[in-house]
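Chemist: Taken in sequence, the protein lines are chains H and S. Under my numbering, the first residue of the first sequence is numbered 247, with each subsequent residue one higher. Under my numbering, the first residue of the second sequence is numbered 13, with each subsequent residue one higher.
No lab work stands behind these hints, which were simulated from the structure alone. Where is the CB? At the ideal position from N, CA and C, for every residue including glycine. Watch out, some of these pointers could steer you wrong.
[Claimed, not checked] Mimicking BS3-like on lysine-lysine, the simulated pairs with C-alpha atoms at most 30 angstroms apart in a straight line are: (1) H:Lys801 <-> H:Lys833; (2) S:Lys46 <-> H:Lys801; (3) S:Lys211 <-> S:Lys46; (4) H:Lys726 <-> S:Lys211; (5) S:Lys70 <-> S:Lys216; (6) H:Lys726 <-> S:Lys46; (7) H:Lys801 <-> H:Lys726.
[Claimed, not checked] Going by beta-carbon spacing under 7 angstroms, a handful of chain S positions derived as facing chain H: (8) Ile104; (9) Ser149; (10) Ala187; (11) Gly189.
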Amino acid sequence: MTEVLAKPASTGGQAVRSRKQASRVFQYILLQALIVIVCIFALRQPLPEPPSRYLVTAFTLEDRGTIRPVTLPDFVPTRLSMDDPALYRGGFTYDSTAARDEQRAWSIYLPRFTNGVEIFVNGVEILDSRRDPTANRPDRATPEIALIPASLLRDGANDLAIRLYIWGPVSGFLDRLYVGPDEALRHYYEQRTLLFVTLPMVFAAWQGILAVILIVLWVVRRNEPAYGALAVAMALGAIQAFLPSAMDQPAYPELNATLLASGPLESAFVLAFAILFFGRKWPRYGALIFLPGVLLALVGVFGDVAAIRQFFLIFGLPDVGLNLVLVALIVAWSELRRQDAPSLLLGCAVTIVLTCFAHDILSVLQILPDRRLFFIRLSYSAMLVAIGAGLTWRFAQALNRVDGFAAHLAVQLREAEEKLKLSFAREEERARAAALSRERTRLMRDLHDGLGGQLVSIVALSERGEAGSGVGDAARAALKDLRLVIDSMDDIGGDLMLALGSWRDRATAQLRPHGIALDWRVLSPQGLPVHPELRPWHVIQIVRILDEAMTNAVKHAEARRISVSIETLHDGASPGCGCITVEDDGKGFALAPGGAAAETRHGARGLRNMRSRAARCGAALELVSSGGGTSVRLTLPRRFPDSDAIAG
Amino acid sequence: MTPSNDEIPAQDITILLLEDDPPTLWRLQDALVKAGFDVAAAATLAEARASLAGRVPKVLLTDLQLPDGHGVDLIRETRQRFPDTEIMVISILGDEESVIAAITVGATGYLLKDAFPTDIASTVRDLVAGHSPISASIARFIVRRTQASAEPPPGPPLNTTRLTPREIDILWGIAKGFSYAEIASHLGMSRQTVPGHIKSIYRKLEVHTRGEAVFEALQQGLIKL
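This is chain S alone, in the form it adopts within the complex (with noise of 0.2 angstroms):
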């Protein structure tokens, strides 16, 4: 992703980064900071909640197994309260029982823990940019959910109701490889709208109300996690 010129300057992102295994947290911090962004780092939720609590940042970074409680509740809470910050959670697999959890109670992004510094960086200022990433795996996951099936498949539940027919057919150009041009091209749409729509996809997948009998569903598969 080439950085365009009206993006906003990297120091002027503030990044709450949260990840309880120390190399881990230190290697990220090391990545997002080397890149210029103004990160503040905690180890536990509680930690995270007094930071929060001080200044409230524009990117949320979280694992979602912590010592004292789990990232999804942090996630969600965020989410809430401050509904400007781009939230994108840290997974080791990239696998979608994290990472859709995660999209359901309102992340929009995620990141491997064992990326590449650069590729650190540059998903942070994508977010920022209004850029959700998506991996084909996770694309795979939700079309698949968009389709009929007599019996729940296993994994976290998903509502896919509202996806429109536009919005499954780029999830399947993602999981079937093909790069964002060549979905705009088939689709006939203009290549800059694309990442929006996945923005919108993840937007969609969002559980509200803390009511919802998928929501607590979810809550119970998390617990298992």
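Isolated chain H, as found in the complex (with noise of 0.2 angstroms):
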């Protein structure tokens, strides 16, 4: 029954997870197409260029022999020998008066070649890009500017010759470049630099204190190797970007090709650092995602630098597309699984990057009609920011567990400092009440065998001797007495009923002989509330007051009948008041003005007594006398005091 009526609902539970679960991904894959959109948009934004009247396009292009008319921007096959430039040939028109009223310098701004210029103005060399490091990255699109001096140029048409040097991996490219005032030309050179050039350095940069960081990390944290693998990367990346330009080029040409080419071996390690920070399992044959990098760096030291470069574009750049899909995919399952930030960032990120990566390879292959700039290093700083982003996000979580951590400790450390309090005193009453028993035991033993044996014998003994009755009812009294003594010294718990049990036993007893009957009515269930702070001394002045009431009821009032009542009055208050009341039906005594006995000085001195120990207890005595009995009415506090200060 129970499962035909569970099954629908499970199912129907289940079917709404898995339509939450395809709407998310739904949602995700939403997200990042819209991603790839805004990416493609940007990157078929053209960049500012300088006005068109100084740009010159037409050239002459002598390569391997052949010569033919060209028009910027143009691509050479690319080539193994440094020494087989390409050359292009043109030329420009310079109108000295327009120039010279205005004081004005003229430049040649190139906005992109690939890979190396020599440029010749009327046969003089004004600029070699060779010699700037950065200009010597293909994956840089940095732009070169050279001022013409005065003294080269010549009113009408001049003579530009340009060296188009190929050194691979990808073809040559020179884009179209522009001849004109220096002050019409800097200005985009500038954006250019600041862009292609000043930024990836800022990046870089970023990227190296990051790595110091994740070495921290690492090394602070050693059960986390996902922090080491990014660590890595994040080191690898900031020294192929700084190392070759500070080290002296020629010396090292294979040491700087193979760190040009360490993108395989980073994106290995961002899919490393992917696998084991978002939790899934290291897999059997993992390490094989260091295999192409790891070949490529051998080629590296072991080949030369053609053929790292063959390797790097058949092998490398393929294999960092892989890694670049891969970390994709963790990143998009566990963002799917767990919806944190640093996933929805970092996935935000790798798309950003592979968006980048796509135009960069058909760029390269010249599938894509465009100048040739490379984007993928200035993508690359969307995934260090999301890695920055996500470090901090997991740093101030960890921060906050810490916190919730300390905080819950410390509850728990209350807790049990509580506990322990507690126990500490329940241990301590344990402990008085086991020293309170052993000593009842003690004086038990003592009394039996001492004044209890004596006193049985005074009872006795009067009675043989008929006439001293006086002396056997004080030494029974005295005996009744001795057995109050030892009852209340018993531990009972806080329960005064317990107390009032072993009184009525000896009410009972005392009252058979008089033929007195005793009417006990207990008219809460419960009879009296508990007092955990009840104490033996408490019993022993409640039972007395019960003891002279009863007495006063035999002797004085000649009463034939005593009722004692027990109840629990509530008034309100949650714990009630505990209230005896002694009643009979004698012929009572007159009471003075002032509440006492008037009548015998005997009765004064018990009504005194009993209401100095109801004040003693804090109990209030109530007494009211008339012609048809007498009733004493004890209240008991809600609390008994703990001494007997308040004595009367």
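Combine the two chains into a complex, taking the hints into account.
Modeler: Structural data, given as structure tokens:
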């Protein structure tokens, strides 16, 4: 029955869950598609260019023995030799009158070329880009600008020759170039430098800082190898950005080439980080992801520069792409499963990088008609930002958790302290009770052997003598009191009912010879409330008040019937007060205006005693006496006083 | 306790009274003889044993502290040799030390030494009728031993594991001063069955084998009395 009922509900829950999952997948894919579209839109945005009147596009290309006219931008196939540049010949017109009026220097501005250029104006070399390390990197779209010395310029037509050096791995490229007043061109050059040279350096510096932070993280937390992997990736990135520029180029060409080709290794480490960080189990053949990178490094060390370039183009780039795709998949899976900020950030960043990577590959393969601008390094900064933000997020989360844990610990500590205090108090209480109990046992044995036996003998002797019945009564009263003292020393756990139970036994025995009936009424189901603070001396006082009331009823009031009522009074407060009433049907006694009995000296003393005993226990005593009987009403306090300091 | 019609005539009830204090012995004997019982008196254990050899009494009333030994020994012997004899201990204070000690060796009642003559006679009569007396303080002592406690409380050892929950409820009622009728109505039973339960409680508290460790401890405790 229950299974039949439960099943649709559970499948319903599953359906809801899978629907939710599907919608989450859809949302994530939609977000990534949006990012791709925005990226493509941004990449298609043309960069600002100088006015077209300074544009020089018509050249004659002399390459490998052929001469043909070309219009820039132009691609030249790659080659292995450095000594075989392609030569572009062209010219521009210089209007000296206009230029001199405005005192303007002229420059030649090359927005983009691969891999190196030498520029000659009227046969004199004015620029060799190969001396600029950053310009030598094909992955950075380093622009060049060169001032044309005024002495070189001729009025009218001037010759312009450009030698384009190509050393791979990509084909040679020369974008449209501009010749004109320096102030008209410099601005555009600065813009490009900022975007393609300065920004990548800034990001590389940021990457270096990340590497340091991650290394520290990993050193401190050796059990989290994810940080180690990411630290290696960041360090590789930072090194490949800075080291080749700082080192003497010709001295270590292979090392430089290897560093430039460190992309596969770096991306493999990022992938390893993603696997470890997002909680996937390390795959059995996980080390394989490092294989292309290691091979590339080996080729770099043992092979030559040309080989490494070929190898990078054929294996390195697809490997980088593959790693990026794997990272994207892992991050997407993590985002769908956990929905946390680092996954989402990194997911979006990887999408941006992948889009730019695809763009760059298409550009390298000359499939995409554009100006050979590579954005992968720039877009990689998105990933760096995401990693930094993700790390900070994690750090903040961990701090929160630590705070929460500390708070939790504090609460637990407090609870433990409370418990300890309670158990200590309990232990103390038990020790006290045990000591009392031992003392009582000792006293009981003493009394049993000594005083008790003697009193019994007195009772017996007085009865034999017939005449001294007063002595017998006194001895019997002494025995009764002895029993009361011993009884009240017993631990009754604050339940006064237990003391009253013993008192009932003794009272019944006392009343029987007088032929007086004891009417015992417990009006509340539980009798009296339990008072944990109840001490033996409270019990003695209460029982003696009851004894006194009963003695009065028997000796002075000539009662035939005595009733004892026990109840708990509830006057709104949750723990009610106990109340014991002793009533008799005797002749009563007259009360003086002060409340004391006026009849006899003994009676007066008895009543005063009762009042003083009640006051010492914090109980209220009410006496009502008339010709039809006497009522003694003892209202117990809510809490018994610790000491009888209030004794009056 | 009102005497019922089917009870044994007082003269058919034989009593052996063992008490070393002459005035007390005289007082108790006087009260019992006046009530019509057939009383034999002894002041020492030896005298009591001699009397037991001659005639087996229906009721044995014995003090604990005796010149030539301890009353507990006599109670145990009598309980083993004459199971039909009702045994009652004479206690000065009615305290648990003496009463419980006697109960664990086979007594089923106690008598206060200073009890009034009428009470002495009626207690013996009730005991013969199967009604064991129990005081609130004795009941309290027993029920407190039924409660789990880390360390053994002082006083004579007592094995309460055989008591049923109902018997413990009855003991609680007595300890709190309720009458048999009130206990019976609370627990939904007949008033007449309560005394039987009390006798059963006494029997369950009895230690049967001499070798029991509890018993040895008990003896050691008693020597200090």
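Chemist: For each hint, tell me whether it holds in the structure or not.
Modeler: Okay, the hints, checked on the actual structure:
no., hint, in the structure
1, H:Lys801 <-> H:Lys833, "11 angstroms, holds"
2, S:Lys46 <-> H:Lys801, "28 angstroms, holds"
3, S:Lys211 <-> S:Lys46, "27 angstroms, holds"
4, H:Lys726 <-> S:Lys211, "26 angstroms, holds"
5, S:Lys70 <-> S:Lys216, "21 angstroms, holds"
6, H:Lys726 <-> S:Lys46, "25 angstroms, holds"
7, H:Lys801 <-> H:Lys726, "17 angstroms, holds"
8, Ile104, "4 angstroms, holds"
9, Ser149, "5 angstroms, holds"
10, Ala187, "5 angstroms, holds"
11, Gly189, "3 angstroms, holds"
Against the hints set out earlier in the document, no violation occurs for any number.
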